[in-house]
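Asks: These are the residues of each chain, in order.
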Amino acid sequence: MIQLYNVTKKYGGDSTAVKDLTLKIGKGEFVYLTGASGAGKTTLLRMLYSAEKPSRGQILIDQQNISRIRSHQIPYLRRKIGMVFQDFKLLQSRTVYENVAFALEAQGKKRYEVSKKVYQALKEVGLEHRLQRKPLELSGGEQQRIAIARALVVDPLILLADEPSGNLDQAVTFEIIDLFKQANARGTTVLLATHDHSLNQRFPRRVLTLDQGKLVGDQQPQRV
Amino acid sequence: MLDKIRYFILRALRNMRQWPFLCTASILTMAIALATVATFFLVVVNVEQLALRWTQEIQVIAYLEKAPSQNDLADLTQNLNNISGVESVTYVSQDDAMQRFKKQLGEDASLLEGVTSDLLPASFELGLASKFRNQQGIASVIEQLEGFLEVDDLRYGQKWLERFNSFAQMLRFVGIVLGGFLLFAALFIVSNTIKLTLYARRDELEIMALVGATMRFIKIPFMLEGAIQGLLGGLLSLFFLTISFVFIISRSLNSFWLTPSHFELLFLTPNQQVILVLSGVALGILGSLSSLRRFVRL
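Quick note, the sequences are listed as chains P and H, same order.
Just so you know, the first sequence maps onto residues 156 to 379 in the numbering used here.
Just so you know, the second sequence maps onto residues 3 to 300 in the numbering used here.
No lab work stands behind these hints: they were computed from the structure.
Don't be surprised by glycine CBs; every beta carbon is placed ideally from N, CA and C.
Just to be clear, a hint being listed does not mean it is correct.
[Stated by the list, open to error] Here are some, though not all, of the chain H residues that point toward chain P, as calculated from beta-carbon distances under 7 Å: (1) Glu206; (2) Ile209; (3) Val213.
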């Protein structure tokens with residue numbers, strides 16, 4: 156589903172965020188991307204949803220080479236990818252319903268389809284009773300669940316999460332990871348960037364470790 | 003398709019409701035800019051109209067060296083009538099001239115006591131055919147008149163007309179330059195005001211791009227919003243213009259220098275009013291487009 160071949164990302168001068176990265180993530184896999192701050196996790200994710208272009212190397216998403224993707228093709232790539240961020244990236248002036256519906260409206264879905272899917276997605280994250288609330292009226296955990304509902308409502312092939320639990324306590328974090336696991340069980344490939352090792356201890360999965368932009372570890376989960 | 007149109011319109015209206023201050027600022031800026039340009043346009047149009055009107059009323063006065071005898075008068079009148087461009091010939095005898103002078107002096111006519119009409123020259127007032135009521139037409143009539151030995155002096159306000167025409171021409175030039183500059187300034191201000199609204203909504207633009215919205219999908223509601231604001235700005239400028247025309251411009255000008263010629267001040271024609279409002283729409287869309295280019299990146 157995700158393939159990288161000798162991918163390097165440089166930002167002017169000598170600053171190299173990702174160095175010569177080669178890896179494959181198969182369809183339906185759940186993978187942790189770990190590493191200290193500045194290891195290149197966010198840059199790698201940004202390249203996967205084409206917010207950045209690699210300086211060198213090739214990136215394939217669902218068989219499509221996106222290394223030199225044209226800007227008018229980017230929206231269609233992003234429709235295959237759900238994204239979850241540490242700061243939730245919700246529209247504070249809009250209701251919970253509108254925030255989730257936004258993703259479907261942006262893809263030009265019909266109104267009746269939008270309302271049905273939004274309700275379903277919010278039910279899956281347990282927030283169907285908060286439809287008309289504004290994000291700021293909700294807790295951090297609830298806001299992140301809205302963001303996850305927004306990412307999953309479009310039935311993405313891939314779910315990218317960048318430190319989704321960075322602002323949340325552990326109990327809420329585990330609830331969030333549960334939601335990712337459910338999406339993964341339905342066939343969505345999940346790539347979760349985190350520096351929280353407790354996640355892997357509780358929900359062991361394949362772990363990719365980055366250090367100063369290089370891939371320094373690729374651990375498969377230990378079978379119990 | 004209908005769903006999309008409905009979404010775009012609702013989105014544009016909601017955006018405007020969400021940022022009432024910025025929205026009002028945009029509308030007012032456009033209204034003031036358009037009203038200023040339109041006011042200038044009205045001034046230029048009215049001055050040109052006035053020049054035209056004055057040219058229409060123009061006549062040539064040929065003063066005679068000495069009053070002609072009855073016989074000569076008939077011949078002279080005939081000859082003057084034959085000049086191409088001359089439509090009417092009116093003879094003003096020395097007595098007639100004196101009567102007019104007295105009438106003009108009114109209460110001070112007593113000053114003329116003891117003065118005989120010999121003092122004033124007899125003259126012909128020549129009305130011109132409409133085709134000749136312009137600078138070139140007058141010049142051609144004058145050229146022919148200069149061949150008449152009986153004619154001592156010619157008065158036709160040529161210098162004054164030339165000056166007025168060059169003033170009108172300068173006004174037109176200044177109008178075009180200043181109008182262009184004002185429109186450019188308006189576009190700049192509008193685009194900056196819209197930039198402010200976009201800056202306030204940069205999160206929304208970023209999130210739209212992240213969830214897979216196409217450029218067109220992101221831009222259309224903003225362009226529509228610019229168009230709606232432009233429409234409102236255009237209508238408001240028309241309102242400003244009408245109010246200031248009725249209560250300020252026409253009252254002050256009519257009571258001042260235009261009354262003698264019974265000149266009706268011109269306002270924008272219905273077509274020009276539509277153009278003014280549509281200019282607002284175009285200004286709004288252009289302002290949005292130029293700002294969006296900087297803010298929306300995938």
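Asks: Run every hint past the structure and note whether it holds.
Replies: Structure-based check of all given hints:
Here the hint on Glu206 of chain H is kept, as its CB sits about 6 Å from the closest CB of chain P, short of 7 Å. Satisfaction of the interface hint for Ile209 of chain H is found here, the shortest Cβ-Cβ separation to chain P being roughly 5 Å, below the 7 Å cut-off. Against a cut-off of 7 Å between C-beta atoms, the interface hint on Val213 of chain H holds, since the closest Cβ of chain P lies about 4 Å away.
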